[in-house]
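Asks: Could you put the whole structure together from the sequences, leaning on the hints where they help?
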Amino acid sequence: MQFAIVMFKESSLTVPLPSDYRVPLQSKSFRCNTSLRSDQRTHTGEKPFTCVECRKSFSYSGNLRIHQQTHIGKKLFKCIKCGKSFSENGSLGKHQRTHTGEKPFQCMEYSNCFTQSGNLRKHQQTHRGESI
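Here the sequence shown stands for residues 1 to 132, numbered as in UniProt numbering.
Calculated from the structure, these hints are not laboratory results.
Quick reminder that beta carbons are idealized off the backbone N, C-alpha and C, glycines included.
A few of these clues could be false.
In silico DSBU-like pairs for lysine-lysine, Cα to Cα no more than 30 Å straight-line [as the list claims (entries may be wrong)]: (1) Lys84 to Lys103; (2) Lys78 to Lys94; (3) Lys94 to Lys56; (4) Lys84 to Lys122; (5) Lys122 to Lys78; (6) Lys75 to Lys56; (7) Lys78 to Lys103; (8) Lys84 to Lys56; (9) Lys56 to Lys74; (10) Lys47 to Lys81; (11) Lys94 to Lys81; (12) Lys47 to Lys122; (13) Lys56 to Lys103; (14) Lys103 to Lys122; (15) Lys94 to Lys122; (16) Lys74 to Lys103; (17) Lys94 to Lys84.
Listed next, with one range per pair, are the computed distances between beta-carbon atoms [stated by the list, open to error]: (18) Thr34 to Gly83: 33 to 43 Å; (19) Arg31 to Lys84: 13 to 23 Å; (20) Lys28 to Cys54: 30 to 40 Å; (21) Pro48 to Arg121: 18 to 28 Å; (22) Lys78 to Arg31: 30 to 40 Å; (23) Arg97 to Thr44: 22 to 32 Å.
Replies: Here it is in structure tokens:
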């Protein structure tokens, strides 16, 4: 059983964490069940939040809200190198790597480097023999 230290103003109390809020086979624990479920989505690939416009799905509601800006047409993020505009700051960041050549995501087994984390994940699936 894992324990958490709960801090009060000048004292602390050690209480057992409910096993429902622990990630199996990992040392992570969370204060609430919703945080656990959110973390589990990173491992399961579950994407319960779907855009009604294009049916694209997301693991987190915040990512869906950001995505919905693409349908509104607002492009608030502009590349200072070429002037191209984006509705999401993350998309601008990915685009900027086309100018810099930066490849910050590296495979730990091989020396392959990638511009996007998703491309690294796809590459890593080949190590495990998973179909892409």
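Asks: Return the numbers of the hints above that this structure violates; sort them in rising order.
Replies: Per hint list: 10 and 19 violated.
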